[in-house]
Amino acid sequence: MRIDSRAAYESFRDEAKAGLAARKKEVLVCCGTGCLANGSAGVAEAFGKELAARGLSVEVGTFTKKTGCHGFCERGPLVVVQPEGILYTQVKPRDVAEICDKTIANGEVIPRLLYKNPADKKKVERYGDVPFYKHQTRIAMRNIGKIDPTDLGDAIAHEAYAGLVRALTELTPEQVIKEVETAGLRGRGGAGFVTARKWKSCRAAHGDRKFVLCNGDEGDPGAFKDRSIMEGDPHSVLEGMVIGAFAVGAHEGFIYVRDEYPLAVVNLTIAMEQARKAGLLGTNILGTGFDFDLRISRGGGAFVCGESSALMRSIEGKVGEPRQKYVHATDKGLFDLPTVLNNVETWADVGAILHRGGAWFASLGTAKSKGTKAFSLVGKVKNTGLIELPMGMTLRQIVYDIGGGILGDRPFKAVQTGGPSGGCVPESLLDLPVDFEKLTEAGSMMGSGGMIVMDDRTCMVDVARYFLKFLSEESCGKCVPCREGLHQMLVMFDALVAGKGSPGDLERIEELAAGMQLGSLCELGKSAPNPVVSTLRYFRPEYEAHIHAQTCPAGMCRDLTAYEIVPEGCDGCHLCFKACPTEAITGEVKKTHLILQEKCISCGACYDVCPTQSIRFFPKHERTVA
Amino acid sequence: MSTRQLTANSRQSTAHPKTVTMTIDGKAVRVSEGASVLDAARQAGVHIPTLCHHEALEAWGGCRLCVVDVTRQGWDGWCKLVVSCMYAAEDGLIVLTDTDRVKLTRKVVLDLLLARCPETPLIQELASRHGIDRTSYQANPEPTDCILCGLCTRVCDHIGVSAISTVDRGIGKQVAPPFHQAPPDCIGCLACAEICPTSCIPYETSDTRRVIWEKSFEMVRCPQCGRAHITQEQARHYAGRGGVPASYFDTCDACKRRQLASTFTKLQVVQGGAR
Ligand SMILES: Cc1cc2nc3c(=O)[nH]c(=O)nc-3n(C[C@H](O)[C@H](O)[C@H](O)COP(=O)(O)O)c2cc1C
Ligand code: SF4
Ligand code: SF4
Ligand code: FES
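So the sequences go chain by chain: A and B. Numbers 1 to 626, taken from my numbering, label the letters of the first sequence in order. Numbers 1001 to 1275, taken from my numbering, label the letters of the second sequence in order.
Honestly, the hints are just simulated from the structure, not real lab data. Values in this document were obtained by computation on a predicted structure and should not be read as measured data. Glycine included, C-beta positions come from ideal geometry on N, C-alpha and C. It is possible that part of the hints are untrue.
Claimed, not checked - Incomplete in silico selection of chain A near chain B, CB under 7 angstroms: (1) F470; (2) S472; (3) K478; (4) R508; (5) G519.
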């Protein structure tokens, strides 16, 4: 059925809503990539069978979301029973019969399947009461987890395309841009460029043929917000793009999807077909005479393909290498024609802004960073996962309230933000309100929203080395400062973590970092020194300890660290004995244990398992080997 | 041929090309619209070092040696570091080729290239001219002469052959034929070897045979002077592009010129006699 007018949309939506309301109960089974890997497909199937066998009039909705979106990566598959909003974690197919009999038929909660808050060890019944959710505000991810991404009716019942209807039937392109300007929307893919300004230049650019593109390359290791959006609510991306196309006067577009995201491609393709049939994409959209169609382009497989000019080359079918450009893509982009490129999350925000108004969006956030931002919270925190927060929330709130604090209640050391070319923010800045400006001032960046929490057992030199290694493997190799600079930087860092640094290294590193920032062709090389520069800024003594004392203060660099058992504390529990991969520990149960230094490889496995904290690390050069 | 990615608009093709006036290190210079800052600097006699630039090819911006600072009146002293080979000359542009940032960038680039190519005379000389006699970094344990300027692959693309390309990324990047095997598309023209600034593409050529990229070619001998001047593949390739029979290329350029010159002289003699 084609929705060919505003009235048609409204009646379609009202009908879909009534259909939803008529359902007494709804079981949402997470079928994102992560939960699927944990067996959620079997759980969904079991629900289908068990419910049918009982003749229960329940709809089984499946929602698609990667594990971790609920904050409990290790606790999938997740099941939510609506309308109560009861959340069950780690559900197995064999639990399904019990859920049907108790919870669905009798409204009884099964304590065994509930989530236990690590902070107070209490079980939490309701989805919305889990601390991880309580502090979140979801705009870009508004419908993820609520809708079946392959069901257009379900999406529309949740207001999908309401923003598009308003834009196309009530506003002029200029008014649409004005609304996005009022919202203060800035790009969610990296640089935080003002979206309305980009759209304005593209609208003003000469030419009849223009493009709008969606950047779904998401190459940052560990990031999965864009994937969650494309998988879990593909209509939000389509809606944003049609609005953007209308605003700039484009009739063609591409969604560039990372090659490793097959489910995103499937769900986007289904959504596009449904939207076309419904008259929300393609020709004569909503009966207004506006035409716009989209194609999916599969990513080139390299991190740098997410960079604007490389992405456009890749869509053109050429090698995805960046090009030096002193002309904006809004004038000369894809095929040298005026082009707007925005990130998945940026596009997902657009529909909500047009629906609820720019002023509403701008009422959230800080002075210059409006609205909400998605982050993937990972590392040494108790709750990890994908979150969306109003801009301006402090790092402390994120780490402690949402993340539930540091694993094992160890001391917090730093949080790395902004992806591989971001920076590390130290403990002294825990009260930093997170927005574009504040993160940049702190020597880090928003990037695409990665947040890696680090505890005291993290060596900052090694952290910088880790990112350098990633980037050196991803440098396209076109320009000298990035290709040769990353290689040489990594050579120097390999020496540092091995205790082979020499005086003058830090100055050499700083000069090279400056040269790369100034001279590199694209942002990859320009921003590659960030992890180095920011750790040098806040943790310089740690570098100096590696160079001058051949010591790793965090006790993580294996070449510099040795372990020993403090006899007074050891109660002979034997756990370390079992944990050691090289049989370097001797000792009988209930007797004091000993580490044989010549066999020890300094992996720290014993240190992590010792329940009495009787294992200590010390500089390797102080050790005496028998 | 349009050689740069600039905003050069079509007005250029009118009889009086537009010109722009700018200053480079204080010297005023006027160039036609569409020129690059590097072109302008060369015209003004200001030296800017380059490694990946060639007049005959589209600018590429890979070596980063040609960086300069640009600013304008009204930018409040704010400067932008750009590669001069790709930045378009504009009216009122103020170009500075010797700022601290320019010097630092050049130094780091040359220092890094010297580490990559510790035994390459071109790089040694260039580095030494910028005050670097030894690299600050780890010298390549497997020295190479290839600076990855991309001139060879770009010239090969330019003549419409594209037999070689760069493969891999990062520090592992290298110039190679497909699958590291004798390139099927190569016509043996030697353009890559001749454009290479460090002469690091090996080849052999003799009266009968030419070998490059491990591919052997039969030579065409000039019927006039007997010199083996071209490969059969080259003759076929040029013929295909120019719409003339391959035999047109049998005679070498030198003999063709000589022929032309003598025809021309005869003509002039005839004309002169008629007057
Ligand atoms: C090396 C590199 C990788 C990038 N990868 C991505 C990416 O995966 N996704 C993305 O949206 N932007 C990425 N960007 C940023 C894009 O170039 C571009 O700024 C962005 O897509 C614009 O959209 P926005 O204004 O909505 O943020 C990357 C940039 C660089 C330099
Ligand atoms: S900065 Fe790095 S990724 Fe970008 S063009 Fe240069 S070598 Fe390629
Ligand atoms: S072989 Fe020569 S021309 Fe080709 S990239 Fe290397 S240095 Fe440049
Ligand atoms: S000559 Fe301009 S970047 Fe190489």
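Hint-by-hint comparison with the structure:
{"no.": "1", "hint": "F470", "result": "11 angstroms, violated"}
{"no.": "2", "hint": "S472", "result": "6 angstroms, holds"}
{"no.": "3", "hint": "K478", "result": "5 angstroms, holds"}
{"no.": "4", "hint": "R508", "result": "6 angstroms, holds"}
{"no.": "5", "hint": "G519", "result": "4 angstroms, holds"}
Checked against the numbered hints above, the structure breaks only hint 1 and satisfies the rest.
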